[in-house]
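**Student:** The lines below spell out each chain.
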Amino acid sequence: EDKVVQSPLSLVVHEGDTVTLNCSYEVTNFRSLLWYKQEKKAPTFLFMLTSSGIEKKSGRLSSILDKKELFSILNITATQTGDSAIYLCAVEAWAGGTSYGKLTFGQGTILTVHP
Amino acid sequence: DVKVTQSSRYLVKRTGEKVFLECVQDMDHENMFWYRQDPGLGLRLIYFSYDVKMKEKGDIPEGYSVSREKKERFSLILESASTNQTSMYLCASSLSGLLYNEQFFGPGTRLTVL
Numbered sequence: 010e011d012k013v014v015q016s017p018l019s020l021v022v023h024e025g026d027t028v029t030l031n032c033s034y035e036v037t038n039f040r041s042l043l044w045y046k047q048e049k050k051a052p053t054f055l056f057m058l059t060s061s062g063i064e065k066k067s068g069r070l071s072s073i074l075d076k077k078e079l080f081s082i083l084n085i086t087a088t089q090t091g092d093s094a095i096y097l098c099a100v101e102a103w104a105g106g107t108s109y110g111k112l113t114f115g116q117g118t119i120l121t122v123h124p
Numbered sequence: 002d003v004k005v006t007q008s009s010r011y012l013v014k015r016t017g018e019k020v021f022l023e024c025v026q027d028m029d030h031e032n033m034f035w036y037r038q039d040p041g042l043g044l045r046l047i048y049f050s051y052d053v054k055m056k057e058k059g060d061i062p063e064g065y066s067v068s069r070e071k072k073e074r075f076s077l078i079l080e081s082a083s084t085n086q087t088s089m090y091l092c093a094s095s096l097s098g099l100l101y102n103e104q105f106f107g108p109g110t111r112l113t114v115l
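Residue numbers (the numbering used here), protein chains in the order written: chain D, 10 to 124; chain F, 2 to 115.
Do not rely on the hints blindly, as some may be mistaken.
[Unchecked claim] Ranges between beta-carbon positions, derived for each pair:
(1) D:SER93 <-> F:ASP60: 23 to 31 Å
(2) D:GLN89 <-> F:ASP27: 48 to 56 Å
(3) D:SER16 <-> F:ARG111: 21 to 29 Å
(4) D:THR86 <-> F:MET28: 31 to 39 Å
(5) F:ASP27 <-> D:LYS49: 18 to 26 Å
(6) F:ASP52 <-> D:ASN38: 34 to 42 Å
(7) F:LEU42 <-> D:SER93: 16 to 24 Å
(8) D:GLU35 <-> F:MET55: 27 to 35 Å
(9) D:THR86 <-> F:MET89: 40 to 48 Å
(10) D:SER67 <-> F:ARG15: 40 to 48 Å
(11) F:MET89 <-> D:LEU79: 39 to 47 Å
Everything labelled a hint here was simulated from the structure, so no lab data went into it.
Where a beta carbon is used, it is the ideal one built from N, C-alpha and C, also for glycine.
Build the full structure now, drawing on both the sequences and the hints.
**Tutor:** What follows is the structure, encoded as structure tokens:
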């Protein structure tokens with residue numbers, strides 16, 4: 010059974026701090042790892058990672074994948090109150106040579122940024 | 002912009018009622034998914050569909066069924082709602098094929114079963 014574990018489950022920081030969110034996985038036939046941000050509405054896509062060691066970056070957010078150690082991290086530098094959200098990690102696996110895009114999600118990390 | 006819409010943001014039903022949750026996407030995506038989200042458990046896949054009239058069970062299909070009569074619409078049905086089905090329900094869609102395609106989510110329906 011595919012499994013995704015995120016840590017910490019919740020985190021409280023002050024504006025300007027840097028945070029690192031962790032995601033480890035056990036999955037057969039790994040295809041990709043995705044990060045989503047969820048405020049009080051639909052999760053929105055942040056990053057898709059498929060190759061080890063290649064950092065993806067978007068503004069103050071960055072993420073990297075280690076396929077040997079089976080984990081990914083999401084870094085947020087100079088945090089702002091608008092970064093307060095649930096951050097979801099999900100892993101997609103190949104199914105019989107094709108993929109229907111079936112994702113297994115972790116529990117999520119609740120990030121709270123205080124002014 | 003991909004739009005995934007869900008029929009209701011909030012819904013209150015009584016135990017034993019039949020409940021329909023509707024999801025519509027406007028980007029001609031082949032794949033559609035229903036998840037439920039509970040605190041501490043993340044998103045769990047209930048059912049998904051990779052084509053019209055096709056459906057596959059996810060990780061927690063018990064107590065649910067689905068219908069996909071048209072490509073853009075995917076319905077989740079609770080045949081006889083129970084209190085343990087109180088949850089946030091999220092619909093998503095994605096393109097199929099060999100490209101890496103992320104899932105796009107709807108705003109969610111918060112269902113309360115009394």
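**Student:** Against this structure, judge whether each hint is valid.
**Tutor:** Tested hints:
no., hint, in the structure
1, D:SER93 <-> F:ASP60: 23 to 31 Å, "holds (29 Å)"
2, D:GLN89 <-> F:ASP27: 48 to 56 Å, "violated (32 Å)"
3, D:SER16 <-> F:ARG111: 21 to 29 Å, "holds (27 Å)"
4, D:THR86 <-> F:MET28: 31 to 39 Å, "holds (33 Å)"
5, F:ASP27 <-> D:LYS49: 18 to 26 Å, "holds (23 Å)"
6, F:ASP52 <-> D:ASN38: 34 to 42 Å, "violated (21 Å)"
7, F:LEU42 <-> D:SER93: 16 to 24 Å, "holds (21 Å)"
8, D:GLU35 <-> F:MET55: 27 to 35 Å, "holds (28 Å)"
9, D:THR86 <-> F:MET89: 40 to 48 Å, "violated (30 Å)"
10, D:SER67 <-> F:ARG15: 40 to 48 Å, "holds (45 Å)"
11, F:MET89 <-> D:LEU79: 39 to 47 Å, "violated (29 Å)"
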